[in-house]
Structure formats: C-alpha cells, structure tokens
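K.L.:
Once you've looked at the hints, dock chain B against the given chain U.
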Amino acid sequence: MRSLDDRLAASRTELLGEIEQPGLDRITGRAARLRRRRRTARATAAAGLVLVAVLAVLRPWSGHLSAPPAPPAATPNPSSTNYMVFTDLGVTLNGLNVDLAVADIPGALRDVEFTGPDHGWLLTADCTEGGWGCRLILGETADGGVTWHTRALPDRASSLATVPDLIALDDHTLLLDPTDDGTATISADGGATWRPATAAPGATVAKVDPGDRLVLNARTAEVEVFSGRYAARGKLANQPAMTVRWVAATASADGGWWVGGDVDGHPAVAVTRDRGATWQRTDLSGPSSAWAQVSTLGAHAYAVVMSQDEARTVLHAIYHSPTTGAAFAQTWRGGGDPVTIAGELVPLLDGRLLLADAGGIWYVSETDGATFQRSNDMPRFGRLVRTPGGYVALDVVATGYAAYSADGSTWRKLQAHGCGSHCTGG
Amino acid sequence: MRAADRHGAEQGLGELYHACYRRLVAQLFAFTTDLTEAQDVVQEAFARALARPRGLADVENPEAWLRTVAINVVRRRWRRRKLLDTILLRDRPTARIVEPGPEPERADLRDALAGISRQFREVIVLHYLADLPVEEVGRVLEIPTGTVKSRLSRGRAALATRLGGYRVDEDIEEVTRA
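Residue numbers (my numbering), protein chains in the order written: chain U, 1 to 426; chain B, 1 to 178.
In case anyone wonders, no lab produced these hints; they're calculated from the structure. You may find that some hints are simply not true.
As the list claims (entries may be wrong) - Looking from chain U toward chain B, a few residues come up when the C-beta cut is under 7 Å (computed):
id, residue
1, Leu8
2, Arg12
3, Ile19
4, Leu24
5, Ile27
6, Arg30
To be verified - Listed next, with one range per pair, are the computed distances between beta-carbon atoms:
id, chain 1, residue 1, chain 2, residue 2, range
7, U, Gly29, B, Arg118, 46 to 54 Å
8, U, Arg35, B, Ser117, 38 to 46 Å
9, U, Arg35, B, Ala64, 17 to 25 Å
10, U, Glu20, B, Trp78, 18 to 26 Å
11, U, Gly29, B, Asp131, 26 to 34 Å
12, B, Gln119, U, Asn376, 29 to 37 Å
13, U, Arg37, B, Thr147, 37 to 45 Å
As the list claims (entries may be wrong) - Some chain U residues flagged as far from chain B (calculated, every beta-carbon gap over 10 Å):
id, residue
14, Arg26
15, Thr28
16, Gly144
17, Val146
18, Asp155
19, Thr193
20, Trp194
21, Arg281
22, Ser288
23, Thr323
24, Thr324
25, Gln373
Given the structure is predicted, the values throughout are model-derived calculations rather than measurements. Here a beta-carbon is modelled for each residue, glycine too, at the ideal position from N, C-alpha and C.
Here chain B stands alone, though its shape is the one from the complex:
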C-alpha cells in the first residue's frame, strides 16, 4: 500500500473517530455492561479499520461497519470466556481462568441494567443511552421493530421494579424518539 493511500485512509478514519467514537462506545455498552470493555472493543474496531489496506473507503456505511465489528469482538470474547470456563475447567471449577476486567463504579441504574435480562438491557441501552431510534435498534439487533418496542416496554417495567420509586409510561410510542 502506498504511503499516500494510507495517509488518506487514516485521515478519513480520523474524522470518523472524532465524530462517532463516544456514540459507538455508548452503543457497545449495551452488550458489555462494562464501560472499559466497551471502549476497548470500539478501539479494536477502529484499529481493524485502519489495518485494512484501504481503510473504510470501500464501505458504504462506515459507522455501521465499525459497530458490527465491535459487536462481533464482544461476542467472540464472550464465547471464548464461556468456553474457557466450560471446556478447560469442565465440571471442576478449580481455578478461574478469565478474571472479569476492572469495572467502573456503577450507579444504581447500571446495577439495575446489569440485573435485567440481556434482551431487555440491549434495547434499553441502545435506545435510551445510545439514543438510537427504534428502527435502528431493530437493525442492529436484527429483530423486528415491533419486537424492539415490546422489549422496551417490558424492559422498562423490569428496570423500574429493580430501581423502585420510578413511574413507567405505558405507551411506548409516546416515549420513543423514533
């Protein structure tokens, strides 16, 4: 690869990096529930983009590409940890192979998010914390919009139960910013 091409790819990705990094980290937080890990996988996605011969010049939607790569990294790590625990240790958990990474201090809400079902947590974080419209949440998770709304409704109820003292609006259409 010529140096000029690489410089151009880095410049394009640099702009994308400044524009999308925080948004992507917030989205990945839906999958990791750990802000440090979310930042790490997003950085990994940008690094992989930079390591490509032409950067993301040939990619139609670079932000979606980065998000997909980061999500795949999360899922691969999760599978590896799960398999390490189940395959290497089998039925004898005599030693913990993968220690959980350092976790930031979580507010009550984050504790509550970590405690609800993964399906609910993903839609709530993507919609409310990462500010993705309902349709976009559906595309990211590869589920219908109706399912997103249903999970949002039930997830909010579960969240309110865990938090206590919060009012839940019943009509999901009114609270979503789709």
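Just chain U, same shape as in the assembly:
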C-alpha cells in the first residue's frame, strides 16, 4: 500500500511546478491602479462635499422642483453594518438590511416611482401561468422603502404585456396609464379609490401648472398634463412639432419640461420653458428610426440618441449642453462600450454620468459621455429611471428587487421583493 505522505510530498512538487510567477511589472501596474483608485476616491469625496455644500447654498433648482436630499453616506466597512455595501467607480449600493423584514409582494415588479426621498410607490402584476390575466398590486412606502403597505387594485391587466404604467404625482395622486386601449384611472387618495381619468372629449389644457406633471399618451403620442389639483389629465393644447416617445418625469432646474422622440424618423428633443405654451426643438443626428431623450442636472442637459433592436435599446450618440439645452455638442459617437442603454442616463452631482447597459452593467463617464469606464464590481441592475423624487434602478440582478437613489451616486435596495424580469406568471 502506498504512503499518503509520499503522495502529499509529490503533490507539493506538482503544485509548486504549476505556479506561474508573472513579472513584477504586472504587480506594479496593479499597484498603480490601486493608487489611482484611492486618489480618485479621495478626490471624488472631497469634490462631492464641496458640490453638495455649494448646491445647498445656491439651490440651482427651483421651488417644488428641488432635488431631494442625499441619503446617508454608505459605510465602507461591510462588517460593521447589517447590510452589504458595494462600491465601485465612486458609486455605492447599500444592500438589504438583513435585520429588517422584506415585503414579499406577489407578482412581477413592473414599476417603482418615488415622489420624495421617503415616499414611494411600486406596482406588481400577479399573473396566471403564461402571463394571461394579471392582478395588480400597489405598494406604498413612507420611510424610504424600508416598510411597504400593499393593496390589490380593482383594475386588472389582460396580460403582462398590457400592465399599465404607474405614474405618481405626489404622495396621494396616482395615475395608472394603460399600454393598450384600456381606460386610464386616477386615484387622489393613495390608491384607495380610483376613477376614470378621461378628460372631456376635445378638452385641452393650456399649460402645465406647478404641481402638475407632463405625461405621454403612448396610444396617441400626445403630451398630456396630469393635474394634481383636479386629479385629471388632459391633452396639452400646444404640442411639440415632433413624434413624442418620451417625456421627462420632472421639470429641469430652470423649470423647463423636456420631451424626446423623432421628426420623420430622425431623433429630436424639445423643451418648453413657458409651461407648455411654446416649444423649442433641437434636431439631432442619428440613424433612421432612432429617437432621443434627455437627462438634466442644473444647467447641464444630455440628449441620448437610441433605437430599438428587438429587446435591446442601442445607444447611438450622446449630446451635451452646458447651457440648459441652448446648444448641444456631440460627445459619445459609438464605437465601443457601452453599446446599449437601459433606461435613462443619470447625471451625478460631481459632474460624471452613470449609465446601465442592457446587460445590467454600469458605466461611468467623467467626460460628459465622450468616454465611459465599466464597473466590474457592482451587481447588475436593470433599467435606471428618473422619477419625481429621485432615481430608481429596476430589477436588480433580475431577481425582482429595486433600488432607489436621491442623487444617482448612493443607492439603497428597497426592502420589497416581487419576482424578477424572468417572471411571467404566478
């Protein structure tokens, strides 16, 4: 019988023989990247503090359009917290608090909207096997997504594909906007009661008042005003001269409302700064069938040109305007990663841009979109979406979780769970 000691001794020789020792230059290169990362982190933290202080004093946004306060800074040491912290490229995701319950909400998570740092809503669709016939469930949080109260809605969707969009105006007023020929319904009491949102035939609204929100009627491609005061919606009298495919969730810092879409198949964006009375349109370059949408922060506006390729949204170009959209200059011209975009571009307070691609990978740009750096350490997210009270990342790693951020830099997972993007039925 052979000796185990001899076998172990032979294995030691084999193991050492298998170890390849790379040149020291590889290690020095790695060390240089570590030093750069530390310097960037220090500079980012310092710049962030200065920016936050400046913004707090100057308040470049106005009145009800103010950005919500940033959430508490992430703690960099996971062992001293009861939640996991992921940080890369100066962006932080705080994971679920393991000491708190997670609301397990039936159905697929379809929409999340926050109207402030504390108040938010979510919508799930609990469908039968195969996705036909869906019960709609509304969730509400008043503590930033820690605890959720749910209620089943009287409306149903015929299939997962026709689940209505949830549009929140404030802490009480909600709109369920169907994606098929169904009737939009409005609730003015936090989802307790609902009524049809159809305005009188032919009725138009002359302007969007403070407290109102512009929405897109996907069936008619018309811009409508969703009014909190009257809990009603109506077509905006003066429509932008383009086919609208996207409407901003909030007004920009200067009070402008942006819309995006195309003009005869070519991408274009438009803004109204007089509450909808007139529109200034900017035509952009892009392939036919492309359209555009806009992200803003302060005086900076970014127009993103994209097109649909089956289930993916292909990113074609990014335009930057430091003058609230008076003039745009192209920064991103394609030719590298990211190839796709999921949701919206997120301008960060430190001047950088955050983007998620169709695979859920996050990218950060320090050059107004001219170049992007890929994150390798962050969990994969689905779409990034601007809502009235901050940003939402939907479908974290396709598992039915979502995350919220007031500033785009620090995210926290919501303590609520539906089934993920893979989910089609109960």
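P.N.:
For chain B alone, kept in the frame of chain U given last:
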C-alpha cells in the same frame, strides 16, 4: 512620496516577490482550493504592499504581512459571494450572481482535498503542500499547535478514506517536519 523612495520600496518588494511568491501561493491554496484564485490574491497582496507609501519598509515580517493580507482578501471575497447569494437572492435562487472562477484540472488529491472539511484541508495544505512547520501553521490559523496536530491526524485519515489505497502513519509527531 519621492520617486527615490518609491524606487527603493519597489526594489525591496521585488526581491521579496521573487523569493516568496510561489510559497505564498501554495499557502493561499489552502484557503481557496483554486490555484488561479490563490495566485490572484497573492498578487493583490503584493500590489497593496507596493501601493503603500513606504512599501513594507516599516513592517517587521513582510512575508507574514503579505500572507495576512492575502488571507483577508480571500475571506472578504468569500463573505461577499456568500452574502451576494444569500442577501441579493434571498430565498429565490433565480439567478447565480457570482460564477465560480475558472478552475484548473485537479488531480485526485485536489478533488479529495476539496471534499474534506475546511479545517482539515487548511492544516494539510499549509503543512504538507506549503511546507510550513506545525507551529507556523498554528500561528497562521491562530490555533494551538496541539489543535494543528489533531487536525492533521484526522484530516489525513479523512483524505486517505477519500483517496483509497493509501497508508496513513498513526504518529503525527513522526510525519511532521516541525
């Protein structure tokens, strides 16, 4: 930091790198059971040493420092993977977040090592494959020497059972090179 200081730190670490790299990788293999990952964490430890303003000039035992850093990197990654699986996915393992890294072809012995208890595997690899004396194994794992010997004895028995056809010497004092 002055360029001359950095050059000096790199030179000192370069010597250490050539002298200790393979030994450290073999030791870290005890914790990773994956040679590729063991090499990566040791390289990370050297990179962190180089990124320090004075390298390891102020460290009394540079090799022990590198080993501790590498072990901490392994444990942090392990905790992250475990938490990713348990926190992000909760009770619904609908998608695997962290895919296991590419693994080299393992001989029977490595399969058997991967299959025994972690406590046994660590002492066996550190002692037999990384050639650390029993006392040093105890210092690395922060356990008494007697515990190391006990685990070596029981680990070898477990290993022999998994491998089959091997003789195990009973007296651990005779087989250790302490």
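K.L.:
If a hint holds in the structure, say so; if it doesn't, say that too.
P.N.:
Hint check results:
1. Below 7 Å, beta-carbon pairs count as interface contacts, and Leu8(U) has one with chain B at about 4 Å; its hint therefore holds.
2. Given the 7 Å rule on beta carbons, the hint for Arg12(U) holds: about 5 Å separates it from the nearest Cβ of chain B.
3. This hint holds: Ile19(U) has a C-beta 5 Å from the nearest C-beta of chain B, less than the 7 Å allowed.
4. With a least beta-carbon distance of about 5 Å to chain B, the hint placing Leu24(U) at the interface is held under the 7 Å criterion.
5. Nearest Cβ of chain B to the Cβ of Ile27(U): about 5 Å, under the 7 Å cut. The hint holds.
6. The closest approach between the C-beta of Arg30(U) and any C-beta of chain B is roughly 4 Å, which is under the 7 Å cut-off, so the hint is satisfied.
7. At about 33 Å, the beta-carbon gap between Gly29(U) and Arg118(B) misses the expected band of 46 to 54 Å.
8. At roughly 40 Å, the beta carbons of Arg35(U) and Ser117(B) sit within the given window of 38 to 46 Å.
9. Between Arg35(U) and Ala64(B) the Cβ separation comes to about 24 Å, which falls inside the hinted range of 17 to 25 Å.
10. At roughly 24 Å, the beta-carbon separation of Glu20(U) and Trp78(B) lies within the given 18 to 26 Å, and the hint holds.
11. Taking the beta carbon of each, Gly29(U) and Asp131(B) are about 30 Å apart, inside 26 to 34 Å as hinted.
12. Here the CB-CB span from Gln119(B) to Asn376(U) is close to 33 Å, well matched to the stated 29 to 37 Å.
13. Range check, Arg37(U) to Thr147(B): Cβ separation about 39 Å, and the 37 to 45 Å hint holds.
14. Consistency note on Arg26(U): stated as away from chain B, yet its beta-carbon is not over 10 Å from all of that chain's, at 7 Å minimum.
15. The beta carbon of Thr28(U) sits about 6 Å from the closest Cβ of chain B, which is not more than 10 Å, so the claim that it is off the interface is violated.
16. Even its closest Cβ contact with chain B, about 18 Å, leaves Gly144(U) beyond 10 Å, as expected for a residue assigned away from the interface.
17. Distance check on Val146(U): its Cβ is at least 15 Å (rounded) from any Cβ of chain B, clearing the 10 Å threshold; non-interface status holds.
18. For Asp155(U), the non-interface assignment is confirmed: its Cβ lies about 27 Å from the closest Cβ of chain B, beyond the 10 Å cut-off.
19. Here Thr193(U) stays apart from chain B, with its beta-carbon at least about 33 Å from theirs, past the 10 Å limit.
20. With a least beta-carbon separation of about 31 Å from chain B, Trp194(U) lies farther than 10 Å from that chain, consistent with its non-interface assignment.
21. The claim that Arg281(U) is not at the interface with chain B holds, since no C-beta of that chain comes within 10 Å of its own (minimum 42 Å).
22. Listed as outside the interface, Ser288(U) is consistent with that label: its C-beta sits roughly 36 Å from the nearest C-beta of chain B, beyond the 10 Å cut-off.
23. Chain B leaves Thr323(U) outside its interface by the beta-carbon criterion, the shortest separation being 41 Å against a cut-off of 10 Å.
24. Interface exclusion of Thr324(U) from chain B stands, the closest Cβ pair being 39 Å apart, more than 10 Å.
25. Under the 10 Å C-beta cut-off, the non-interface status given to Gln373(U) relative to chain B holds; the minimum distance is some 19 Å.
In this structure, the earlier hints numbered 7, 14, 15 are contradicted, and the remaining ones agree with it.
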